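Asks: Sequence:
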Amino acid sequence: MPANARKDIVREGEIGTYHCWSRCVQRAFLCGFDAVTQRDFDYRRGWIESLLAYLAGVF
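Residues are numbered in the numbering used here as their position in the sequence shown, beginning at 1, plus a constant of 162.
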């Protein structure tokens, strides 16, 4: 099932709050513990949150 196009969701000129999320595919963990590789990527969580807060301020 294809995702909706951004132009169908976001109205130009209207201020809105949007929940942005990404899906981990091919076992590419963004943050948390990967049981397969035994690596902990939790250090990325703060970096991602800070970057999203910065980007929210830009827009």
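Everything labelled a hint here was simulated from the structure, so no lab data went into it. Just to be clear, a hint being listed does not mean it is correct.
[What the hints assert, rightly or not] So the derived label-pair ranges between C-beta atoms look like this: (1) Phe195 with Glu174: 38 to 48 Å; (2) Leu192 with Lys169: 41 to 51 Å; (3) Cys193 with Ala165: 35 to 45 Å; (4) Ile171 with Val220: 16 to 26 Å; (5) Gly219 with Cys193: 20 to 30 Å.
As the structure is a prediction and not an experimental result, all values here were calculated from the model. Built from N, CA and C at the ideal position, the CB exists for glycine as well.
Asks: Taking the hints in turn, state whether each one holds.
Replies: Comparing the hints with the structure gives:
1. Phe195 with Glu174: 38 to 48 Å: At 41 Å between Cβs, range holds.
2. Leu192 with Lys169: 41 to 51 Å: violated, 26 Å
3. Cys193 with Ala165: 35 to 45 Å: At roughly 22 Å between Cβ atoms, Ala165 and Cys193 fall outside 35 to 45 Å, so the hint is violated.
4. Ile171 with Val220: 16 to 26 Å: Between Ile171 and Val220, where Cβ atoms are some 19 Å apart, the hint holds.
5. Gly219 with Cys193: 20 to 30 Å: Given about 21 Å between the Cβ atoms, the range holds.
In summary, the structure is inconsistent with hints 2, 3 from the numbered list given earlier, while agreeing with the others.
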